[in-house]
Amino acid sequence: MPDFNDYGIGNIIVYLWKLLGWWIGSLGVPEPWVTVIVTLVAIVSLATMALLIPIFTIWLERKLAARFQDRLGPNRAGPYGLLQSFADVIKLLGKEDITPTGADKIVYNLAPLVGVLSVVTLWAVVPLASTMVGARINVGVLYVIGISGLGTIAIMMGGWSSNNKFALLGAFRTVAQLVAYEVPMIVALMVPVLLAGSMNVADIVERQDSMWYLWMAPIAAALFFITSVAEIGRAPFDLLEAESEIVAGYHIEYTGMKFGMWMLTEFLHAFTIAALTATLFLGGWNGPFAKEFPLLGLVYFFIKTFAVYFVVVWSRSTFPRIRIDHLLSLNWKFFTPLALGALVVTSLVMMVMNEFAASASVMARTVTLFAANVALLWFVFELIRRSARQARAEAEGGHDEEHASHGGDGHHDEHGHAPASAH
Amino acid sequence: MQADWIFVGLFLLIGIVFPIVPIAAAYVLAPKKPNPAKYETYECGIETVGEAWVQFKVQYYIFALVFVVFDVETVFLFPWAVAHNALPLYMAIQGIIFIFLLAEGLIYVWRKGALEWV
Amino acid sequence: MSISQILFLIVGAVTLISAVLVVTMRNLVHAALCLIATLFSIAVLFVLLDAGFMAAVQVVLYIGAIAILIIFAVMLTRRVMADGSEQTNSQWPLGLAIAAAALASVAALLNAPVWPALPSVDTSLSISALGKALASPDGYVVPFQIASVLLTVALVGAIAVAGEKK
Numbered sequence: 009m010p011d012f013n014d015y016g017i018g019n020i021i022v023y024l025w026k027l028l029g030w031w032i033g034s035l036g037v038p039e040p041w042v043t044v045i046v047t048l049v050a051i052v053s054l055a056t057m058a059l060l061i062p063i064f065t066i067w068l069e070r071k072l073a074a075r076f077q078d079r080l081g082p083n084r085a086g087p088y089g090l091l092q093s094f095a096d097v098i099k100l101l102g103k104e105d106i107t108p109t110g111a112d113k114i115v116y117n118l119a120p121l122v123g124v125l126s127v128v129t130l131w132a133v134v135p136l137a138s139t140m141v142g143a144r145i146n147v148g149v150l151y152v153i154g155i156s157g158l159g160t161i162a163i164m165m166g167g168w169s170s171n172n173k174f175a176l177l178g179a180f181r182t183v184a185q186l187v188a189y190e191v192p193m194i195v196a197l198m199v200p201v202l203l204a205g206s207m208n209v210a211d212i213v214e215r216q217d218s219m220w221y222l223w224m225a226p227i228a229a230a231l232f233f234i235t236s237v238a239e240i241g242r243a244p245f246d247l248l249e250a251e252s253e254i255v256a257g258y259h260i261e262y263t264g265m266k267f268g269m270w271m272l273t274e275f276l277h278a279f280t281i282a283a284l285t286a287t288l289f290l291g292g293w294n295g296p297f298a299k300e301f302p303l304l305g306l307v308y309f310f311i312k313t314f315a316v317y318f319v320v321v322w323s324r325s326t327f328p329r330i331r332i333d334h335l336l337s338l339n340w341k342f343f344t345p346l347a348l349g350a351l352v353v354t355s356l357v358m359m360v361m362n363e364f365a366a367s368a369s370v371m372a373r374t375v376t377l378f379a380a381n382v383a384l385l386w387f388v389f390e391l392i393r394r395s396a397r398q399a400r401a402e403a404e405g406g407h408d409e410e411h412a413s414h415g416g417d418g419h420h421d422e423h424g425h426a427p428a429s430a431h
Numbered sequence: 004m005q006a007d008w009i010f011v012g013l014f015l016l017i018g019i020v021f022p023i024v025p026i027a028a029a030y031v032l033a034p035k036k037p038n039p040a041k042y043e044t045y046e047c048g049i050e051t052v053g054e055a056w057v058q059f060k061v062q063y064y065i066f067a068l069v070f071v072v073f074d075v076e077t078v079f080l081f082p083w084a085v086a087h088n089a090l091p092l093y094m095a096i097q098g099i100i101f102i103f104l105l106a107e108g109l110i111y112v113w114r115k116g117a118l119e120w121v
Numbered sequence: 168m169s170i171s172q173i174l175f176l177i178v179g180a181v182t183l184i185s186a187v188l189v190v191t192m193r194n195l196v197h198a199a200l201c202l203i204a205t206l207f208s209i210a211v212l213f214v215l216l217d218a219g220f221m222a223a224v225q226v227v228l229y230i231g232a233i234a235i236l237i238i239f240a241v242m243l244t245r246r247v248m249a250d251g252s253e254q255t256n257s258q259w260p261l262g263l264a265i266a267a268a269a270l271a272s273v274a275a276l277l278n279a280p281v282w283p284a285l286p287s288v289d290t291s292l293s294i295s296a297l298g299k300a301l302a303s304p305d306g307y308v309v310p311f312q313i314a315s316v317l318l319t320v321a322l323v324g325a326i327a328v329a330g331e332k333k
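Chains as they are written, first to last, in this note's numbering: chain A, 9 to 431; chain B, 4 to 121; chain C, 168 to 333.
Chain A on its own, in the form it takes in the complex (with noise of 0.2 Å):
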């Protein structure tokens, strides 16, 4: 039997697994299989864990945009209306399945199956603390990617199942947004890579243990994040269901409990890009004497989460709707431009450092790290000013009424606000 005091409380949650590895082995159950099932076990509470997640977010998110909006947000069930999310599972429980009439049966009710699985199954490479690191695969980031496409399929499903023009529109604007922004952020991702030398995800925490990479490449931070937050379809990039425009887009047949699935996908998928950007980029489980006790370890990933979270809910009710012309220049010229950008930026002083100081203290690397990426996004800025100057210039000068659509570079930002858009 473990002892408990080769463990400690900072490791209980190790004890507990080993100590039900003991008991099951202790019932005469033969050892491979003893793993397999304490290996279940961890993966069915880390689900669960990742389900019911959504249930209390949805009430933050509520009452934090309750907040933003000088609201009270729900207050009536339970205190501080902490059981509406309850309320709301019970109420979806009891409304009836439709499945409309032109619909494709199979891939219709296949594909809210398909959306949650895409974004539950990305939790299983996702470090919770030092002794709580999923799956050690060497190809972490890559299976990231990988999986999330798969919820590009699911909503490609879903809408086209449904043969509602609507839910069509909705699934196309949706995989043109997601399948252009991944390139970005697929860019993005190779900084970590790069200077952790490692995909393992568990590898780039524990190579952040004196630096976050937040510090060392700030921009591919914001690059993903942002791009994170565009794969999620939330605002200022929710044109995927732009309510004003195509009702719900591509779950707009979905009823009941299928709905809730989609609605799950959602808020889970929201939380579960909060958790890669505080693993990739805030140092994951690292901080003070999270090595030691890895249940702190556990309350600093949580902490640094719900901190991104914080960010994604407050982008979410300040800015408005972007319009899907400026969304997609504002990707390719843009974003990827400066994710290619900052991926050779890093590459290069990298290469300097390993080259001729070899024994830089970390402190000397983030410094030249950060300053290069500042000079980089100060160099990115004045020639999206140099364009734009002389994009005014040519239409003050020429009284052009379609004022530089095709020669100005820089024209993504300041009049990307416009809630209209053709699809």
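Simulated from the structure, these hints should not be mistaken for laboratory data. Be aware that a few hints might be false.
To be verified - No more than 30 Å apart at the CA atoms, straight line, and that leaves these computed lysine-lysine pairs for DSSO-like:
#1 A:Lys-99 with B:Lys-35
#2 A:Lys-113 with B:Lys-35
#3 A:Lys-103 with B:Lys-60
#4 A:Lys-99 with B:Lys-36
#5 A:Lys-99 with B:Lys-41
#6 A:Lys-173 with A:Lys-99
#7 B:Lys-41 with A:Lys-103
#8 A:Lys-173 with B:Lys-60
#9 A:Lys-173 with B:Lys-35
#10 B:Lys-41 with A:Lys-341
Unchecked claim - Selected chain A positions facing chain B (in silico; Cβ < 8 Å):
#11 Val-46
#12 Ser-53
#13 Ala-55
#14 Met-57
#15 Pro-108
#16 Asp-112
#17 Gly-205
What the hints assert, rightly or not - Chain A regions said to be covered by chain C (calculated; three or more residues, Cβ under 8 Å):
#18 150–162
#19 178–192
For each residue, glycine too, the CB sits at the ideal point set by N, CA and C.
Chain A is already provided as a structure; the job is to place chains B and C on it using the hints.
Showing chains B and C alone in chain A's frame:
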């Protein structure tokens, strides 16, 4: 290594089983009162005209093509990024050349106007 | 037979069945979804062969990119979803014979004792080693750069073919 992939495999299995549970619960608990009007396609209250099938713009396809090219590029660049810090200067620079060749393609597409949403 | 061998057979069977469904499905979108199932089970086969990187690449590229492209193509070009025409013509016995001959020759080749034993690979180092090989002049730096040029050419070609004439 294999143990970690077993973890991922079991996670995928659980990930598909879990959402079935609430849907099945709702199937048992939810009322069923079929009515032909209920099963009509929703379109803001008016009856649907024609089929949902609409011809989409070719622009979607071009964006997808550009995306595929960039996606393939990552397959080459990720191993380079992993090995980067262990590479000597003349080998690490190869990745930069790779990125510049790719950026050239992006600039070409940009100048051709294929990135405009018309 | 070990558990992983049994799993391999099951996943292999799933791959084959979904591949057959891809060509027999009447509905183009269903066929595309079956293709995704095929590609995904090939990724699982890669994992069972301890080729994690290939599995990830398979999912990222084929499911994340190529499958999306195929669905886009289906949705952009065809107004008729279900094609009612015959799926075979009078030459199907000939095709079957050729396929059977190909299968037989592959099986014979696999059974022939000409395959050298592969050296065992340290999978924990493989991606770093791959990166090194891609950038090394003794390795594959020329194919690496040619791939980049090829991708640029593909981009130019894509615009030339699919772009609207101005």
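Here's how the hints hold up against the structure:
no.	hint	verdict
1	A:Lys-99 with B:Lys-35	holds, 15 Å
2	A:Lys-113 with B:Lys-35	holds, 17 Å
3	A:Lys-103 with B:Lys-60	violated, 37 Å
4	A:Lys-99 with B:Lys-36	holds, 17 Å
5	A:Lys-99 with B:Lys-41	holds, 19 Å
6	A:Lys-173 with A:Lys-99	holds, 28 Å
7	B:Lys-41 with A:Lys-103	holds, 13 Å
8	A:Lys-173 with B:Lys-60	holds, 15 Å
9	A:Lys-173 with B:Lys-35	holds, 26 Å
10	B:Lys-41 with A:Lys-341	violated, 46 Å
11	Val-46	violated, 11 Å
12	Ser-53	violated, 10 Å
13	Ala-55	holds, 5 Å
14	Met-57	violated, 11 Å
15	Pro-108	holds, 5 Å
16	Asp-112	violated, 11 Å
17	Gly-205	holds, 5 Å
18	150–162	holds (count 10)
19	178–192	holds (count 4)
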